[in-house]
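Trainee: If you read the protein sequences in the order shown, they are chains A and B.
Under my numbering, the first residue of the first sequence carries the number 933, and numbering increases by one thereafter.
Under my numbering, the first residue of the second sequence carries the number 4, and numbering increases by one thereafter.
A couple of the hints might just be wrong.
Per label pair, the in silico range of CB-to-CB distance [claimed, not checked]: (1) L1215/A / R113/B: 53 to 61 angstroms; (2) G1207/A / A188/B: 48 to 56 angstroms; (3) A1204/A / I60/B: 26 to 34 angstroms; (4) L1053/A / E225/B: 48 to 56 angstroms.
In silico contact screen, one side only, chain A against chain B (beta carbon under 10 angstroms); selected entries [as the list claims (entries may be wrong)]: (5) D998; (6) Y1125; (7) R1129.
Everything labelled a hint here was simulated from the structure, so no lab data went into it.
Virtual Cβ for every residue (Gly too), placed ideally from N, Cα, C.
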Amino acid sequence: MASIAMEQPGRARLGEAARGAKRVGLVLAGLTVFWGLWEAYRWFGESVGITWPFRVDATNMPHIHDMLNALTKPLQPGGPPLIQQEWHWALFTGKEALLGFALGGVIGFGIAVLLAHSRILRRGLLPYVVVSQTVPILAIAPMVVVGLGTKGVKPWVAVSVIAAFLTFFPVAMNTLRGLLSPDPRSLELMRSYAADRRSVLWKLRLPASLPFVFSALKISATVSVVGAIIGETPASIQDGLGGAIVNFNQYYSTGPERLWATNIVCAALGLAFFGAVVLAERLILRRAPEHVA
Amino acid sequence: MNDRPAVAIAGLTKRFKTGVTALSGIELEVQPREFVSLIGPSGCGKSTLLRIIGDLIEPTSGTVEVNGKPAHRARLDHDYGIVFQEAVLYDWRTVAKNIALPLELLRWSREKRAARVKELVTLVELEGFEDNHPWQLSGGMQQRVSIARALSFDPALLLMDEPFGALDEMTRERLNLELLRIWDASGSTIVFVTHSIPEAVFLSTRVVVMSARPGRVAGIVEVDLPQPRTARTREEPRFFELVTEVRERLVAGGADIATAEAEGVT
């Protein structure tokens, strides 16, 4: 029989562990290099007196260990350490982002399925989908929160709607591309079976679109976190990371580490969302290695 | 089936929107249990003709009947299975699930599907590969999956569009023998497009020689080689006579064999 990729399970598992360790090692190495570059630039900038594009000093570039240290100290005397409060903010913003991600995903997916089935709709509706993304989110965020607030929608749900507004777009675009990706022969095969539209959608277009969908969800995962943070700020929501960022911005000159520490927490939240999508992709997509991004 | 022809084509013409006349005045009948090959130079419309029989494209004029029904009705009734040059397997499905695809569409129960897939896997000799994905198989194995899938719902007619064209000579000859065994076992009628003269002669009960631009039937060669055919059939003098006859018909039909050979007609 011809060539066939057969891996011995034992060796494969060992290889996987080794690959995992290697990946963690690379991430740590990357972080170390980043740390080193940051501190080197800070040291060099301060001793030479760099002022462009910004003055290098303790305010603009706090030491990274100072940022991490700020997480361990309480905001008010006697209060819990900052990290504990960051945790609550992250949960709040995470909740907004998760709902926004889900809403955007479902809406984007629905739009894609709709557009995939009608050339006329694609011609007519697609430009508006694109235009929707040129609307500045900062301009509409207060309107969304206030407007939905008068309808009795909780502010955090309104922020989710703002996040969804950002996340539906990559999902719609990529899913549409994925749904239209099957080659003519695959479609001809379905035609030869006299398959109806729904069967073609379920048995061919949807499975074919999954790699595209996951690419989009990876983008949306991080965008939903950013969207939730941005959504909080003009709406003056104080319970999440966005509110904390606004707050720490006002006290930046006296405590820049706190803003930076919050940025790190935001990044961690975004990474957690991204990681969850990657994990889901691993579990759901089992196909040729070159098809898994 | 009964004594109705498996395929009956009358006065068939196909003109593409580009103005090219692909097929002109095609008359052809294929009887049940026949193995008919369509052969001709590139651009003679043999694949187009196959697609019209399968109602994948529509003729400009003329009629096509499959099992006594219009081709469109026959497609809706799942009267034929098709095999393309590429296996056209769905990457995300295992071998077993690819074979079962038409059965899922026909809403067979899970148990019936499993039983049928088991039979087919045995028929195309892919035991042990049921749970593999297409990208783990060689080209020849992929094409066997594709054949099993086409046979899964036991269609009376099998349409094959250069199914072995992309395979190496050794694999092709082995699959030729396997196809004849499957043809014998399944009792189906086969219409087979190829541009290989020896392949057409070896497999067929009749070879339909087509000429190019526009595609017409230039002649029909009855292949009177004894059944069942074996690897030795290719060495018989009668085999070579028939190969020569088909080649001469191709030339008479206007095929420039020198050019055609460069294009892959051998």
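Trainee: Take the hints in turn and mark each one as holding or not.
Mentor: Going through the hints against the structure:
For L1215/A paired with R113/B, a C-beta distance near 23 angstroms fails the hint of 53 to 61 angstroms. In this structure the hint that G1207/A and A188/B lie 48 to 56 angstroms apart at CB holds, the actual value being about 52 angstroms. One distance hint, 26 to 34 angstroms for the beta-carbon pair A1204/A and I60/B, is violated here, with the actual separation near 51 angstroms. The given range of 48 to 56 angstroms is respected by L1053/A and E225/B, whose C-beta atoms sit roughly 54 angstroms from each other.
Hint status for D998/A: violated, given a least beta-carbon distance of 50 angstroms to chain B, over 10 angstroms. A least Cβ separation of about 5 angstroms between Y1125/A and chain B falls short of the 10 angstroms threshold, and the interface hint therefore holds. Because the closest C-beta pair between R1129/A and chain B is about 12 angstroms apart, greater than 10 angstroms, the hint is violated.
Hint compliance for this structure: hints 1, 3, 5 and 7 are not met, and every other hint is.
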